[in-house]
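S.K.: Produce the entire structure from the sequences given, and follow the hints as far as they go.
The lines below spell out each chain.
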Amino acid sequence: MSALRRRTDAPATAAAATPLVTLVVNGRSVEAPASRPLARVLRDDLDLTATKVACGRGECGACTVLVDGRPTMSCVTAAGLVRGPVETLEALADEATDLREEFADAGAFQCGFCTPGQLVHATALARRADELVGGDDLPGAVRARMSGNICRCTGYQAITASVCAVLERRAAGATSGPSCGHADPEEAAS
Amino acid sequence: MSYVGSRVRPIDWEARTRGETRFAADLTSPQHLYAAVLRSPHPYAEIVALDVSRAERLPGVRAVITTADFPEGITYLHRGAPLSDRPPLAAGVVRHVGQEVAAVAADTPEEARAALRAIRVRYRVRPAPLTPRDALADGARRLHQRVTDEANVAFRLDATWGDVETGGRAGTTVVEGDYVYPSVSHVCMEPNTTLAAWDEASGTVELWTSTQAPWFIAKEVSHLLGIPHDAVICREVAVGGGFGSKSKASEHEVLAAALSRKAGLPVLLELSREEEFGSNKPRHRFETHLRTSADEHGTLRLFDADVLVDNGSYSHMGTSVMRVGMITLGSMYRPDGARFTSRLVDTATQPGGQFRGYGTPQVSLAVESQVDELALRLGLDPLEMRLRNLGPENETTLCGYDVTTSRLGDCLVAVREGLDWDARKTAVATGAAGGSSSRGLGVAAGMHGSGAYAYEFANRSDAAIDLFADGHVRVRHGSADAGTGQNTILAQIAADELGVDLADVEVLSMDSERTPFELGAWSSRGTHMTGSSVGQAARELGDQLRALAEDKLGGGPVTLRDGRAVAPTGEVDLGDLVGLSDAAEGDVLSHETSYVLEGTEMISTGKDRFNLSPTYAYAAHGALVDVDRRTGKVTVLDYVAAHDVGRAINPTAVEGQIAGGAAMGLGAALGEELVREGGRVVNPTYLHYAMPRSADLPSIRPVIVNAEDPAGPYGAKSVGEMSIVPPGAAVANAVRDAVGVRITELPITPDKVVTALAEQEGRRRHHGLWRRPGRWWVALLRALYPYGLHHVLHHWGTRLGRGVGPAGHRPPAPPEVLRPGNLDAVVAAVADGAQPIGGGTDALVERERQSRPAPVLVSTIGVPAMRRIRSEDGALLVGAAVSLAELEEALPPELAFVADAVRSIASPQIRNSATVGGNLAQEKRCWFFRNGFSCYKRNGVTSPCYAVTGDHRFQHAVIDGHRCQAVTPSDLGTVLQALDAEVVLQRGQTTRRLPLADLYDGPGELALADGEIVQHVVVPVPTSGRRGSFRKLALYQGDFATASATVTASVDDDGTWHDVRLVLGAMAPTPWRATATERALEGTTPTVAGVRRLLDRELDRHAHPLPGNGWKLDAVAGLVEHAVEDLLAQ
Ligand code: FES
Ligand code: FES
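Respectively, the protein sequence lines represent chains B and W. Numbering-wise, the first sequence is residues 51 to 240 according to my numbering. Numbering-wise, the second sequence is residues 31 to 1160 according to my numbering.
Keep in mind the hints are simulated off the structure, nothing from the lab. Don't take each hint at face value.
Unchecked claim - Quick list of the computed label-pair ranges, beta carbon to beta carbon:
#: 1; chain 1: B; residue 1: Asp180; chain 2: W; residue 2: Asp452; range: 39 to 45 Å
#: 2; chain 1: B; residue 1: Asp186; chain 2: W; residue 2: Thr58; range: 56 to 62 Å
#: 3; chain 1: B; residue 1: Pro69; chain 2: W; residue 2: Arg993; range: 37 to 43 Å
#: 4; chain 1: B; residue 1: Pro69; chain 2: W; residue 2: Thr58; range: 23 to 29 Å
Keep in mind that this is a model prediction, so the values were computed, not measured. Ideal Cβ placement from N, Cα and C applies to all residues, glycine included.
M.R.: Here it is as structure tokens:
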């Protein structure tokens, strides 16, 4: 079945036309064609399938990953334009333990397809818990921040509540994830 | 402990929240080919020739299938003849845009897509009706031979229930009207995906497919392939949302299977988002004409309806969707009688399919709107009116439902209490809300079954339980949990019945070989049917275990708890009982059972009343809305959704179903609608399909009223569909309460509200076109569009253009993406023809539609100098490669209104990547241009502008539109003009500086010379005393502006304004300054009303709206009023 180019090797056409760039994904150096959307590098080349693709147009947030700590739509980010280390849910799951538990308790996911994107985004917010919790309308701020992550199942209520709860706990200094709040991304990935 | 009734985590939460759960497109094994589907570009055409030979010869292509690969004349079974009408691939005729014509499997997705372009199809395009009214008109093309005697009526249902004579006489107060519930999409986040693996040796095919009902998939796929039902083997895989759409075939499963059979290799077929929106089967659009009467006590006496249901091009579940919709007239209330005629009408548009609520939301909109109108006429509180009309418990309704329990009254009371209804009503009545915003309260009620006896065997569910020697338990059922929490409640039930820890229960679903017979999760039957069968299986297994334990322990009674069988004489681990059973195989003791529901009736012809369901669920929803009279924007501030679900087996999951369904219903109430032009969906993207984002929804507060239904398993009824029924009418009623206008067609978008308010207030605009010769030519062209010009340009002119998207039979070469580290290199690359980009988020998407996309993209983001923001001479120098997020963070307080504008752009993720330069330079946002129409701008001068006759309510120009009606999308380009910002452009080594206003010379088109790039933007930072405000009307958080207004002025201590800037966005091809108003305000002390008067006069002088977007003038004037108010308050 060598003819089937699923995973591991990129389509010959893509590889031929653009030079390879080096990315750091979850602490690991990988090479990818510069024009290849990051989401495809992650999913097809690296088998990091926690990152989902629901639109491929940068409009839904299912493919959210962190680039240099900032939530980014990996489906419309060419590998050649990635400006820092990439973190996916695979590497963030431990750091996000409190978020994940809260999501499970509150009913913040149903089908779970949008969930990796939601959790990745929420993880980035949780790292800034002190700053966000200091504002006057935390749920409002969370809703605005999370509006790039569409969820069709939950109606967002439980997602907002979960993120707020975790942010407040983190800001208050309580941590339940093993590496809450101050995880070094490189370390979390290894 | 008892798990039933408790809030437990989803059993697979750990895997799901780690992203370890594999959906079909995540599977790496088996290795597979990639498929793509060739779809019809025409709403109706005969296929004169279809030649796939070139495609078959292309490298990488492994199989191409057409109708010839299926048995001749074969169609999907659906509900059976005579309505079984859809072939797996078009057989000689296409009947909607998007219908499957051929499919390809190739080594890579790119090769598969390119191969589609090598398939030659000759179509003979024929006119065909696109709306039910057209389909019923004399001379309309008949889409199918049907058995009714009316052309294009696939199915007709007439019924008279109860005593309509008495009802007609006693109903002294009558309301009558037309209501439209549009075609809306399920938008499951996971696109429909199937991985199919054909096994030649056994003649079987394995499917990993996103479905709610594997049994139905196997049934259809086996029928179409001509193989036995059990030769199609579904496997368990995660499913990313269904909402009804995946409860029957989604027309891609069999294509994957047939391709795999032909290629001899596994094939993955994953639909794109555009295919999901544009080709899949949305909710059936209903046009309901309803007449409702009540007597002077507020008792409903008669419903009389005439309904058209848009079937689309093929019959899927239209007959039963219509039937269930009509049942609304005879189910929840108890009038003396109900009478209706309903027609399921064929149109050459994407066919309707099953959607959560199944016809009920559509008819409910009409019923619940009219109940409110009657209450108003009778001087009754609408909530009280409903309480007076509750149907009784334990009785048969007009439509034949044998109602068991009903707590609808409690639901209504919960809404009353939850929303503080009585106090708020009084406050609303006395005009408590101030300014331009009006508040209103609305309520709507609903009812839904818990599984319908729609097919043979739909009253049966089988389930199996395995007990392993290590003590763990496995539930096996053939349904599928697409996110409803079904697997978890089944585990809860099994854990309780067997007295084991929930963590020791696993669930296997979907698998055709390893799970017993089950029809699947549709019609809200999951809880009742599999809840009953799994409960029964577990109880029966428990009986076996108790008997085994009694033998072993030498006495009883035995109870099962904590994973052990406990008798007075001793106890034993459950796992240890496995080996003692003769029925055990190896280390597992299995028990399978069949639950058969008694007392319900199967839908059959010749009857119009059935008791379809064992129990009926109820709900009342209440909405508190705010209506901005200036812009027409409706905001739901608070929402209470009270449900009678019987007993909630897992309250957290139930609340999730309530909130999720309500949110989906609110989406349809306020924004969602599939818009079509010439039968083709105009908005097949998240960007253009206005579904709610997190910030758009209020807090939705689910309330589970205390209830228990003895007819349900563990007292439970259904919930999944119920929650989507009331929101449409609840919001419409609240809007009526707020501003006195009744919107009868969903979604309640700002255009409808503004238009209705203008009528209410008797406002009209006069544009004096006869005095403006400059517009005569455009006016003439527009006038000719409906009289043949559009037709000629669309049918003939489009053939001459550049084309849309890539051409050629090979995958287009991916672009070279450069990210040089210095400006000179960027400039040099651009001089060589490279396309300058920033983060590339728009460019990557846009190039899919370009016929000749740039071969080289050069990004500015690697140039440190372009990523800086500097202060110089009282201005901010913002490098073009600064991201929008960085800009927002760097803006000083004086520029807070610019930060407001930035925060309104797209999503935080996009703002992290997208640059200032990229935002200014982004392509026009017109939904025809963006979504593949061969329009004037995309395809060339011989092509039409589809906005002229198409839906142009939101995005198109009201001022200065010429042949193209698009506008410049950049909010930044608008807001910065109010600061007299400038841009510095660079070409080679020369730079020039020009006012931002001069940067645009067309909609999203820049006045750049060849090889020139935007280097940085100069944003003057206002001195103290200068104020500004940005206001935007958009359909959802992050949408492009439907209209925006920026007002800045220097305000003296005495309130006099100077240097006023008033810039309007999304009104004209380029950001538009109301200069006359600006001048008139100079040196004055403005009032809101005064500015409005001046602006209205100026807008009337300049505007040349299309028929459907004149409302934007009112809306933008309203935004200016808001902005002026902001300035006065600063
Ligand atoms: S998949 Fe990337 S934003 Fe939708
Ligand atoms: S949980 Fe299904 S889309 Fe969010």
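S.K.: Work down the list of hints and note, for each, if the structure agrees.
M.R.: Hint check:
| no. | hint | in the structure |
| --- | --- | --- |
| 1 | B/Asp180 / W/Asp452: 39 to 45 Å | holds (43 Å) |
| 2 | B/Asp186 / W/Thr58: 56 to 62 Å | violated (47 Å) |
| 3 | B/Pro69 / W/Arg993: 37 to 43 Å | holds (42 Å) |
| 4 | B/Pro69 / W/Thr58: 23 to 29 Å | holds (27 Å) |
Hint 2 from the list above is the single one not met by this structure.
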